[in-house]
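Visitor: Read off the chains here:
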Amino acid sequence: MRTRKSPYPYWFVLPAAVIFTVLFLAPTIASFWFSLTRWDLFTTQFIGLENYRQFFREPFLIQGLVNTIIYAVLTSGTKTVLGLLLAVLLTSGLWGQGLLRTVIFFPVLVSTIGVGITFSVLMHPTRGVINVALAAIGIHGPGWLTDPALALYSIVFVDLWKGIGLATVIYIAGLASISPDYYEAARIDGATRTQMFFRVTVPLVRPATVTVVTLSLIGGLRSFDLIWAMTRGGPGFSSDVLASVIYKQYQAGFYGLSTAGNVILFLLIGLIVLPLTAWFNRKEVDL
Amino acid sequence: MSRRQLYTGIAALAACGVIFVLPFIFIFITAAKTKQDAATLRFSWPVEWQLWQNFVEVVQTRNYMLLLAYFNSTIITVAAVTLLVLFGAMVGYVLQRRPSRWNTVIYGCVLAGLMIPPAIVPTIWVLQLLGLFKTLSGMVLIQVAYGLGFTVLLFRSFIATIPRDLDEAAIIDGAKPFQIFFRVILPLLKPVTVTVIVVQSIAIFNDFTNPLYYLPGRENVTVQLTLYNFQGQFQTQFNLLFMNILLVTIPPLIVFIFFNRQIVAGMTAGAVKG
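The listed protein sequences correspond, in order, to chains L and D. Just so we're aligned, residue 1 is where the first sequence starts under this note's numbering, counting upward by one. Just so we're aligned, residue 1 is where the second sequence starts under this note's numbering, counting upward by one.
To be clear, the hints were calculated from the coordinates, so they are not data collected in a lab. Mixed in with the good hints there might be a few duds.
A partial selection of chain D residues facing chain L, derived with a Cβ cut-off under 7 Å [unchecked claim]:
no., residue
1, Ile27
2, Ile29
3, Val91
4, Thr249
5, Ile250
6, Ile254
7, Phe256
8, Phe258
9, Thr268
In silico negatives: residues of chain L with every beta carbon more than 10 Å from chain D [to be verified]:
no., residue
10, Lys5
11, Gln45
12, Phe46
13, Glu50
14, Phe60
15, Gly77
16, Gln97
17, Thr112
18, Tyr183
19, Phe198
20, Phe237
21, Thr259
By construction, the Cβ of each residue, glycine as well, lies at the ideal position given by its N, Cα and C atoms.
Please build the complete structure, drawing on both the sequences and the hints.
Guide: Right under this line is the structure:
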């Protein structure tokens with residue numbers, strides 16, 4: 001009898017490992033090679049860094065890269081700040097706060113494409129509900145999605161509308177784990193509400209902040225469906241992001257270039273998220 | 001409750017009502033309008049209620065495409081979530097119970113799965129090699145591969161709360177590894193399993209991007225893609241488009257009503273570092 005065998009055998013990991021390796025890891029590693037080729041899915045021709053050179057030569061592709069960063073920073077920054085403020089408000093014993101939490105959270109679960117289509121109708125430049133309402137109080141509303149200078153920011157707004165509930169809920173969970181003793185002590189020391197917020201709440205809710213920032217940053221950098229549903233990257237290329245560029249190049253049959261876009265997105269996420277995580281973790285040790 | 005809390009509460013509810021509830025009311029009333037009425041895009045009560053008529057018309061469109069989409073989406077969601085629970089729990093179990101150098105590798109893969117954007121075209125290439133491109137089973141496996149990171153994290157942190165004494169008692173009773181897992185551990189994972197089921201089924205049901213890439217073709221349509229298909233066709237038929245949005249929103253709505261707490265618990269637990 002082989003009683004020495006571990007009761008936690010590695011074959012338990014096997015099914016998941018096979019699926020993950022074949023459908024996720026292998027394509028990811030292969031993407032580095034394919035991004036260096038001219039590729040039609042059947043034959044590859046090695047062309048070195050030509051795809052990357054083309055990527056950084058085309059103004060609209062660079063704009064996609066810049067838009068990705070703007071989009072991710074704006075959405076994650078706003079979700080962090082607004083999420084914390086909303087969470088503080090919704091744990092302060094307001095009348096109807098349970099209902100409020102429910103209402104704010106529901107859009108998180110709804111189809112992103114459905115939300116995108118709905119808001120592109122609401123944001124119609126002349127007949128849309130938003131501009132009709134603005135006109136009623138004497139403001140001439142802009143073309144939210146038709147003005148190239150504005151389209152990306154309008155989508156950012158809708159992303160916030162849809163995603164703020166998740167940030168708020170994570171913060172509510174974080175706030176719940178702060179012991180009331182700290183507030184008690186601060187009150188005895190004569191701290192004002194503002195002081196308590198910045199000196200007690202903000203430092204102690206830190207794990208939640210790390211989560212919200214990381215999650216929303218990665219989500220923002222990879223964002224595709226909302227942008228696709230609302231503008232398809234237009235007008236022109238003004239609201240294109242890396243993920244929509246990758247799709248467009250794929251659709252056009254530029255598989256090598258599309259894959260190079262993927263690698264750039266991969267590197268971008270690595271460059272932004274890894275140092276951030278390291279920094280967050282170091283600060284945590286200091287506490 | 002102070003008077004101030006009451007007034008702030010009412011003000012906040014009113015603001016949230018305008019910001020978060022009005023768009024949903026807009027979806028509903030537009031879905032109930034006639035074609036001409038809906039085309040004005042106005043936020044007004046329907047001149048003539050056509051909720052049922054629009055419903056029938058959307059369901060019948062393109063030879064009952066929406067029903068096919070519901071069928072496909074349900075198959076993908078149920079199959080992928082079943083595999084995710086089973087395989088994810090097994091990985092989480094070994095990861096938590098058997099510390100070794102392999103753990104670093106496995107944990108690294110979990111984090112990679114959470115962060116790295118999937119390399120799309122190479123994945124299509126792999127799927128083609130395996131003969132799984134444009135098949136429901138291929139789509140199921142993709143959803144499993146992409147959902148594993150989150151699932152394993154959740155299971156791992158939950159299994160840490162189950163005492164090892166239980167495993168040892170089972171070992172003394174002569175249970176084999178798979179008996180310990182399936183008879184002792186898996187039944188105890190019920191709360192976190194419900195969370196995984198709810199969160200992942202909503203994510204997979206609502207997924208648009210992956211079916212767009214990996215499951216092209218009319219016979220493979222999923223519910224989110226019906227919205228995309230309908231957009232061109234009903235450029236002026238906003239009543240039908242919004243009826244379609246309404247129909248696609250109903251399943252998550254039902255899940256939400258039944259599992260509200262579990263979803264929130266799962267989202268936050270999965271988000272907090274293990």
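Visitor: Are the hints correct? Go through all of them and say.
Guide: Verification of the hints:
A least Cβ separation of about 6 Å between Ile27(D) and chain L falls short of the 7 Å threshold, and the interface hint therefore holds. This hint is violated: Ile29(D) has a C-beta 11 Å from the nearest C-beta of chain L, more than the 7 Å allowed. A least Cβ separation of about 5 Å between Val91(D) and chain L falls short of the 7 Å threshold, and the interface hint therefore holds. Checking Thr249(D) against chain L: minimum C-beta separation of about 5 Å stays under 7 Å; hint holds.
With 7 Å as the threshold, the beta carbon of Ile250(D) stays out of range of chain L, its nearest partner Cβ sitting at about 10 Å, so the hint is violated. For Ile254(D), the interface hint is violated, the least distance from its beta-carbon to any beta-carbon of chain L being 11 Å, above 7 Å. For Phe256(D), the interface hint holds, since its Cβ comes within 7 Å of a Cβ in chain L; the closest pair sits about 5 Å apart. Because the closest C-beta pair between Phe258(D) and chain L is about 12 Å apart, greater than 7 Å, the hint is violated.
With its C-beta approaching chain L no nearer than about 4 Å, Thr268(D) sits inside the 7 Å limit, and its interface hint holds. Distance to chain D contradicts Lys5(L) as a non-interface residue, since its nearest Cβ pair spans about 8 Å, not more than 10 Å. For Gln45(L), the requirement that its beta carbon stay farther than 10 Å from each beta carbon of chain D is met, with the minimum near 15 Å. Remark: the non-interface label on Phe46(L) is consistent with the geometry, its nearest Cβ contact in chain D lying 15 Å away (cut-off 10 Å).
The claim that Glu50(L) lies off the interface holds: its Cβ sits roughly 17 Å from the closest Cβ of chain D, which is beyond the 10 Å cut-off. No Cβ of chain D approaches the Cβ of Phe60(L) within 10 Å, the least distance being about 20 Å, so the stated non-interface status holds. Every beta carbon of chain D lies more than 10 Å from that of Gly77(L), the smallest distance being close to 18 Å; the non-interface claim holds. Under the 10 Å C-beta cut-off, the non-interface status given to Gln97(L) relative to chain D is violated; the minimum distance is some 7 Å.
Remark: the non-interface label on Thr112(L) conflicts with the geometry, its nearest Cβ contact in chain D lying 6 Å away (cut-off 10 Å). For Tyr183(L), the requirement that its beta carbon stay farther than 10 Å from each beta carbon of chain D is met, with the minimum near 17 Å. In this structure Phe198(L) is separated from chain D by more than 10 Å, as the shortest Cβ-Cβ distance comes to about 21 Å. Taking the minimum C-beta to C-beta distance to chain D, about 20 Å, the non-interface status of Phe237(L) holds against the 10 Å cut.
With a least CB separation of 5 Å from chain D, Thr259(L) falls inside the 10 Å interface cut-off, contrary to its annotation.
The structure fails to meet hints 2, 5, 6, 8, 10, 16, 17 and 21 from the earlier list, while all remaining hints are met.
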